[in-house]
Amino acid sequence: MITIERLHKSYGKLQVLKDVNVSFEAGRVISVIGPNGSGKTTMSKAILGMVLPDSGDIKINGESILGQHAYRSQIGYMPQIGRYPENMKIRQVIDMIRDIRKDVKQVDEELIGLYGLKDMYEKRMGALSGGTKQKVSAALAFMFNPQVLILDEPTAGLDPISAEILKCKILKEKKKGKLILITSHIMSEVEEVADEVICLVDGQVKFHDTIFDIKAQTNEDRLSRAIAKIMNEED
Amino acid sequence: MNKIIKYVFYDIIRNKIILAYTLFLLLLSFGLFNLGGSPDKAILSLLNLVLLTVPLISIVFATTHFYNSYEFMELLVAQPINRKKIFMSEYLGVASSLSGAFIVGAGIPMLLFGAGVTGLNLLLTGVFITFIFVAMAFLASVITRDKAKGIGIALLLWFYFALIYDGIVLFILYSFSDYPLENATLALTALNPIDLGRIIVLLNLDVSALMGYTGALYKSLLGNLWGIGLAFGLLLLWVMLPLFSSRRIFSKRDL
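Residue numbers (the numbering used here), protein chains in the order written: chain A, 1 to 235; chain B, 1 to 255.
If you're looking for bench data, these hints aren't it; they were derived computationally from the structure. All residues carry an ideal CB built from backbone N, CA and C; glycine is no exception. Check before you lean on any hint, since a few could be wrong.
In silico contact screen, one side only, chain B against chain A (beta carbon under 10 Å); selected entries [claimed, not checked]: (1) ILE4; (2) GLU74; (3) PRO80; (4) LYS149; (5) ALA184; (6) ARG253; (7) ASP254.
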């Protein structure tokens, strides 16, 4: 569904992505892992068109997305750190995005309900805690039934119960045949929700395999151990 | 696009600066018209004050607004909207609300005191100056990510066009006073939108007779309708140049 071909990106002298070639299929949950600064966020932002690649191509359903914008109606994005206009209320932010996306008839409000955001509708975005902002981001990402979900460290600021709600939602959406990309550092979580793992190190794909294969190759039954083993082997 | 402009408007109206700006202009214009004398005299004083304050307020307000709307723009770029549209909506939202404040603040007193065509010229010039300096502010803001640097660049631009440029022109006129400089002066005027605006208004007042040979040349070249049209055309060019270059930078950069 998404194909990334020979993607290069550098910020000044710093090369963030070096020749990334991957493809993702619909109906899978794919977890992007890697050390800090390995290019995970840059890759997801490139798919969203927020970061413009130096060279290479990104295709969704066979069509290049570079310089396009309409394809973003098929993507729900939850940023690592949600930044919102400080003096807007939660209700205003949600209403605004909904107003902009009026073409979507079926609106998914499940997360708004489960997170109890309606009770906080009149709070200003600037007064919200990091976790509550994450909940708003999550609710917005899932709201318009996108075919692709890009979640950048979705559970990082969430309390355990809210994280659990989000995980259930991810698995539910996966069953509907959506492609879900998650960047995460928490291996137990990756193991719970993901089908495949793609590992980026220094802007290059180190490996891209299903969790089952990774475990089988390394003879480990825990993903965190298996991944540590692969990383150590190559050094 | 209209939808986005609507939200930019909401945001601007919520902070009180635009209201304060309108009141400031109202007070200023009423004061000057009440000072006595003919409306022409009042317009002359108003012109000098407007050409100093309108660029300053436009460029500072637009720069800070651009940096403060960064989150808003980040939120929108993840939606299926063209980046150019987001940028133009921000621009039109800011420029038209500042122009609106100017038209209300300076226009109402003019209407009450019967300023006539000259007043209309001053209003039009003020609106153009607003659009030009908002575009310059956006250019300064897309060049750098650092808010302090962006405001610094914006203030430098204002200093240059409002103060330094006239000094340079005077210096050139003084050093080369042995040569015929009429055409050169004309060209120098076109290179500064504030001077261009000043000339447009002055030519409609009788004071242009006091400007000597250069004034006579201006009058012969810009005094007719065609000349005024040319001057406004140049102002339009001054809007488009910074606007389109900043739009280009904005649509080709990482967010």
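For each hint, the structure was consulted:
1. ILE4: holds (7 Å)
2. GLU74: holds (6 Å)
3. PRO80: holds (4 Å)
4. LYS149: Violated, because the Cβ-Cβ distance from B/LYS149 to chain A comes to roughly 16 Å (cut-off 10 Å).
5. ALA184: violated (43 Å)
6. ARG253: With a closest approach of 7 Å, the B/ARG253 hint holds.
7. ASP254: B/ASP254 check passes; min Cβ-Cβ to chain A is 5 Å, inside 10 Å.
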